[in-house]
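Student: Sequence:
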Amino acid sequence: MERVAVFVDAGYLFAAGTKELFGEQLKREDVSLNYVAVEEKLRLAAEEHSKLDLLRIYWYDGAYLHPTTQHTELARLSNVKVRLGLINSRGEQKGVDSLIVTDMITLARNRAMDSCMLLTGDEDIRVGVLLAQEYGVRVHLLGIKPAKSNQSNLLRQEADVIHVWESSDLKIFLSKSSSPESGDLNQERDLLRVVAQEVVDSVSGERASELKIKDGWLPPDIDGHLLSKARKVTGNELDRDEKRRIRKYFRELLKERS
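Quick note: the sequence shown uses the working numbering, first residue 1, plus one each step.
Check before you lean on any hint, since a few could be wrong.
Below, computed lysine-lysine pairings styled on DSS-like, alpha-carbon distance capped at 25 Å [what the hints assert, rightly or not]:
1. 145 with 248
2. 41 with 51
3. 94 with 19
Restraint-style ranges between C-beta atoms, simulated for each label pair [to be verified]:
4. 238 with 134: 49 to 55 Å
5. 123 with 209: 48 to 54 Å
6. 86 with 225: 35 to 41 Å
7. 160 with 86: 27 to 33 Å
8. 172 with 149: 18 to 24 Å
9. 210 with 131: 49 to 55 Å
10. 231 with 171: 19 to 25 Å
11. 154 with 67: 29 to 35 Å
Rather than coming from a laboratory, the hints here were simulated on the basis of the structure. Glycine included, C-beta positions come from ideal geometry on N, C-alpha and C.
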């Protein structure tokens, strides 16, 4: 089966993305990332541009000693694999480029992907592009406006196709964090939405139609499955507000599915 893989350099995404959105490069702690929205945006872009089904999204980032909360939440999403390099004492990422190149070559050599979408600006990834192409992989390079000034020219020359995201694309999943507390709340809400999406995806088409007729109410088996899965993922019992939110997410996502 022909598949498309996505390779995301998180350092480039945050640096170029915040500069395009806010006019300056923001620190990570000042940025809120909507996990569900970024996964969906990447998946849809890759499938639309390649006309292939998604293999998975590889998310590359640096970490000091342990994965951050953001890394953990992203890793819990369907279709996402988080791969971490290191951050040195000067705040520089180390080992991320080699992880991307190694994965690109391995997947291409094993015929696991026929096309890939690469979100980065680093010239060091160019060797991965060249070797993947030798195995017949088409490389879609995704940049962030103004891509011509924040991506390596040599990298752009080697890509088969170039795509560019603008502010309207970035606003879907990137925003300023008003406070640490609000950032934590956004992450919690995103996680509940992930659970709701997975339960919606597990409902058959016929059952989904029945649920739409009974809008505003969930049968006990669906409601129980939704809350049970949420408890397992979050590791906590849901309070009244969390139960209300996840049920609301489920109904909204069920409507979007139609």
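Student: Each hint should be assessed against the structure and marked as holding or not.
Tutor: Now for the hints, and whether the structure bears them out:
1. Annotation: proposed proximity of residue 145 to residue 248 is violated, straight-line Cα distance about 35 Å (limit 25 Å).
2. Note on residue 41 and residue 51: the hinted pairing holds, with a Cα-Cα distance of about 15 Å set against a maximum of 25 Å.
3. Under the criterion of a C-alpha separation no larger than 25 Å, the hint pairing residue 94 with residue 19 is consistent with the structure, at around 22 Å.
4. At about 51 Å, the beta-carbon gap between residue 238 and residue 134 stays in the expected band of 49 to 55 Å.
5. Range check, residue 123 to residue 209: about 51 Å between beta-carbon atoms, so the 48 to 54 Å window is met.
6. Distance hint check: the CB atoms of residue 86 and residue 225 are about 40 Å apart, consistent with the given range 35 to 41 Å.
7. The hint said 27 to 33 Å for the Cβ distance between residue 160 and residue 86, and at roughly 31 Å that hint holds.
8. The hinted window of 18 to 24 Å between residue 172 and residue 149 holds, with their beta carbons roughly 23 Å apart.
9. The given range of 49 to 55 Å is respected by residue 210 and residue 131, whose C-beta atoms sit roughly 51 Å from each other.
10. In this structure the supplied range 19 to 25 Å is violated for residue 231 paired with residue 171, their Cβ-Cβ distance being about 32 Å.
11. Hint check: residue 154 to residue 67, Cβ distance near 32 Å, so the stated range 29 to 35 Å holds.
Going through the hint list in order, the structure does not satisfy hints 1, 10.
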